[in-house]
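A.B. asks: As a plain string of letters, each chain reads:
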Amino acid sequence: MWDQELRTMASSHAILASSVIMSTVVPAVLVRGFSVYETHLLWLYCLAGAVAAVNISAFWLLGIASPTADPNPLSRLLRSCLYLFLSCLFYHTVVVLYGAPLIESAAETFSLAVLLTSLTTLRCLCVLGPDVQAWIRVFTRHGAKTVWDSSLRITVASTVVGAWMGAFFIPLNWDRPWQAWPVSCSLGSAIGFVSGLVAAPAWIYYHRKQLTYKCK
Amino acid sequence: MKRLVILSLLLWMCAVFYVGIYLFVGGFLLVRLEVNRTSTCEDVLLPAGEQGDFCPAKPRFRRAVLLIIDALRFDFARFDHANTAPRPYENKLPVFEETVSSQPSHSRLYPFRADPPTTTMQRIKGFTTGSLPTFIDVGNNFASSAILEDNLIHQLGQLGKRVVFMGDDTWESLFPKKFYRSLPFPSFNVKDLHTVDNGILQHLYSTVVGDDWDVLVAHFLGVDHCGHRFGPDHPAMADKLTQMDGVIRSVMERLQNDTLLVVMGDHGMTDTGDHGGESQKETDAALFLYSPSPLFSGPPSKSEPQVVPQTDLVPTLALQLGVPIPYSSVGQVLLPLFPPHGQMKGALEGLSQVEALWINVKQVNRFLETYSSMAKDIPPESLSKLQEQFSHVSTEYLTAVKNGLSPSPELVVSLQSYLTSVRETCRATWARFNPLKMAAGLAILLFACVLCFILSELSCLLVRESSLLKAPVVAALSIGFCVAAGQLFARGYVEVAWCLAATAIVSELLVLWRVHRVKASTALGNGAKAPKRAGWLSLHRLVTPALLVLLLRGASLLSDSYVIAEGRVVTFLIFSLGLYVPIHLNWDGLLLPANHDPLKPVGLLPAPALSPSAIRKESCTLLACLGLLVGSLYLSLSFHNCREEQGSCQPSPFLFPLSRLQNSQLKNLHYILSLASIGLWTYLLRRWLRHYGNLNSSGGAVFTARWILPLLSICLGLNWAVGATPEDSFRSMAELLSVAQVALPRTIFSLLGLGMLLLWLDPITVFLKTRASAPARSSNLPPPRYRASTGISTQAELHHLIPQIYQRMRRNLEEDDEPGEGAEADGRPAVEAYGLGTVYSAPQLLFCGLLGMGLLLLHAEGMALSFLLLLLEMGALLHIHASSTTLSSLHGTHYGGFNVPWTPVVLWSLAATQFFHATGHLPTFPSIQWGAAFVGFPGGHTGTILPASLVTLNTFSSHILFAVGCPLLLFWPLVCEVRGNRRVGGEDGEDAVMEMRLRENPQQFSSALLQLSTRYLFIHGTQVFASVCAAAILRRHLMVWKVFAPKLMFEASGFLVTSVFLLIGITLVMRVDVAVGGWFKRLIPEASR
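Going down the list, the sequences are from chains X and R. Mapping the first sequence onto the numbering used here, position 155 (from 1) lands on 155, and the numbers just tick up by one. Just add 216 to wherever you are in the second sequence, counting from 1, and you've got the numbering used here.
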């Protein structure tokens, strides 16, 4: 039972990771002049879209969504959209407070916020449903109740830390194209996301003795 | 409270840090005094000077062309016929080889050895003054970069020679207004290979052909920039060198007979294209001399110098062009350029070799005498040796001249050897890093940091050991004296640095050993606890996010990009660590009330000390304060100044004094904003004091808070108004204004002094209210303890008071007589003490407020906003700390003492650096706000101590405020605890006790105070250590003199100021403690009477 769930998660993570890679490779073949640095926003939205699509379909197919059966699916959907938008605004504000230019490259900043939303908030929505209380609860020491909660914790943390570390490269005077705002941060978050995807099943596997999850 | 132990430990710690910094800086920063005298033609040089030694009747050359090719390494200039596959930088300048072989008496190519630091500015200084410039040339004008020492350009101008300059714009800042004509081009962009060179080439040839110049200086930067960008081994370097070859050829073609051509590099470069250090590749440049008329008496002979030191160019050029040798030159004339005695071909030749040397020797001797009378850094025994040598050669020369003999070749040699040894002595003093001293300084600093960490971790143990320091310090001092005596015995003089180093290292090691002993004995005493204690330095305790942030901060000091962007980097780090606080609390499940946790059985959880609503309130306070912190962080970014390395950066408009604003509307707006913020500053402080009932008594501190604080802000506002008044608009009041300009700041200074004196003399802010009879309730609650009786209070505005405190105190005192019983307080008159709960923090805060006002006076008016932000951020940090302490205290793992965890301390010290930038300061010398020295002293000063201290106060004001306020971190959770505990009432009837807890546990109070201050010192110490490492490791880096060395200086002085003011803050806490003790002693007899 345990292994079953773990295997499902690992394969879904593999699909997600491959979608990240595909979203970089496929446009490079199809679109003329595509490059991660030069046409950065295009890549960014490709990535965000691909991850969002794969995430939603995977979780929908697997039926992971939280058991609280909301009577009205329409209001659920609306609330989810609202949360996604609010999360974009939240990330945008945080990134600006971290020192991103306020007006100059607002579009780039917002794109980064969209990417972060699709990598983190969307996953929260898929796993936990539109319930902020539950989101906060997951990020406590004993808050993870299922395998999916754990993997969510790991991927979200690694994505955010990746974006945070991406900012380290901006002030350096190396004059590389990937040091331009927000390339290093979005690359960092993508790398963080992928490594989180890889790390989560491994971590859960090695800690399976200590973990007492409910099985779905 | 163990005052002596804490203070002595801190003092010793600071002293060790100081010794480490002193040693490193002594080995790293080369300091030299500038001699501000100039040579003139009329100077008579002793001994036996003839009329006007310096200017011979007719100079040999009328004109000279100086082509400086930046970073022209010597092997770039060599030409090797055998080399068939030259690298890009080899064999690209055949012009030298061709000329030397075809016209041997017209030209010569020498290796030209520069002295470190091999950076362009220092080198230009070097080959124009003939001296050995160091990183800090202590002159009378520190603010501008202009060369004030006597130099060749100045001398040429004195004699009416027209100096035309083109090229690197560094010259323009070094010699402002000295050129007849100048065409500077921007040198800053290292990536730009061609702007400067092409700019020169547009004008060079036409100028050379023309006749309106006497000396032409052209400084090409392309080769240097090419090295920085691509390194020497790159095709671009070949192109550049080939271009230079062409330039030299074209200039040579256009020269006339009376012109001397000098082609030289100012320094070399390493294989990566960098320079600044002292490796041979960096120091060895090329020097090429050429003239269309015969320059040398013959083809190269055996006596040719192997290498020409860079300083030698100055006297040679000076004597060839007929100008006096600059006063502080220590160079030696280049002998091959002067004909030997007796081979003078007619009158047109200038000085002979011996004559030139004799003038040179006398000039160098004069400089040496002047310098040694001014500074003591040349060792006396080498001075006396040089003196002896000089008197020997001078008698020899004078006898030879008197007897009409032609001077012997030996005389030439001894003259030369005198000059060489002077130069070597100076070089050893000024131009050499002292790696041994640097290493010793590094080691001492490293040890000091480790010890500081250990002290902070073991403070609760160490504070009990009253004699921890005595023996090690005595032993170390005696060893220091032994070293001194040994030096005196062996070498005849004492070098203080090494004695200090020995003392510091020995004391560090001994203290480390004692600490180990103490720890071991405690572990032994505890028995079972021993294995637990052993792991106190485990990885788990070291890798906390706070220390990780500190590590990042230290690492950021090793990169020039990060040092340049330091203000933003620190803000980023504070923001990250601030966000970590609620995330961590949430992770532990403390942020939200844990009432619905279905997984865990309720019985396992400790009974919550706080109700869910209180937790929610606390969390909301925490988040609101985080918002305030983030807001002030973000706003503080708009007060930054700009470094010159930051290209597209506008300095904050608030940095300029109001008087410089032209738009009167904007001016009024700025003024009103500043007034509002200073008003808010005062209001917030008073509001806080009143809130906690500290404004009621009639003591000195309260007087200060009530009257001096508002008076100060009024004076400050008036002072700004006076300063901002345009001079021409109020002609009738000009007199009054000028008086006010002096009087107002001085009033502020004296008010500040008065306030601080009052605060020191009477720091108690407690108001006593004696009541005739104790309230009936108190008899119902045996034993009566501290109670917050807000409801009974007649003064409604006092929310926080600790009445009936005496009963507990009396009980404590009486316990000696009758232990066990002593609770009968019914019939005695009760006493209410208002503001006792904040008796420690109130004076501390007031002191901060006063200091802040004084420091604000030294800044531009607009900085008032930034100071207000500083206060708000302090408050936010304190509240975040207090809330998180309250929230984590209900986790069950209630901490034993009052220990302050790492996170708030790191935040606190990073905020000091953040506001260093947010008050418009930068770690560079040009950005020092010299105007602060003239606040209240518009006419200037006579001494140097007062202006220096004013400028220091201005520069490190945020360091000062945060250091003085550091003990607040200890008090704040206690001040704020009343909010949480009052509602619940507690299990044992404990009410608002607040800071009286500290008096109950003097042991824990001492250990927490020691821990807090050592942690604060540790954080600043590691930053100093990191910048010291940066300077030591990157001493060859291109940016070392521009970024790392200034950063080191600022970090070290910041540490100095921080530690001093931290000690002042700690001393104030102790003073309050003593006063509170005295207050209780007075109170008890009174009450029991």
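Rather than coming from a laboratory, the hints here were simulated on the basis of the structure. Take the hints with a grain of salt, since some may be wrong.
[Claimed, not checked] Computed from the model, here is a short list of chain R residues facing chain X with C-beta under 8 Å:
{"#": "1", "residue": "THR787"}
{"#": "2", "residue": "PHE791"}
{"#": "3", "residue": "HIS800"}
{"#": "4", "residue": "ASP804"}
[What the hints assert, rightly or not] Simulated restraints, written as ranges between beta carbons of each label pair:
{"#": "5", "chain 1": "R", "residue 1": "GLN472", "chain 2": "X", "residue 2": "SER35", "range": "57 to 67 Å"}
{"#": "6", "chain 1": "X", "residue 1": "ASN173", "chain 2": "R", "residue 2": "GLN866", "range": "12 to 22 Å"}
{"#": "7", "chain 1": "X", "residue 1": "LEU41", "chain 2": "R", "residue 2": "VAL759", "range": "33 to 43 Å"}
{"#": "8", "chain 1": "R", "residue 1": "GLN866", "chain 2": "X", "residue 2": "ARG32", "range": "48 to 58 Å"}
{"#": "9", "chain 1": "X", "residue 1": "PRO177", "chain 2": "R", "residue 2": "ARG278", "range": "52 to 62 Å"}
{"#": "10", "chain 1": "R", "residue 1": "GLN866", "chain 2": "X", "residue 2": "TYR206", "range": "51 to 61 Å"}
Glycine is no exception: its CB is placed at the ideal position from the N, C-alpha and C atoms.
A.B. asks: Enumerate the violated hints, using their earlier numbering and listing them in ascending order.
C.D. replies: Numbers 3, 8 - these are the hints that the structure violates, sorted from lowest upward.
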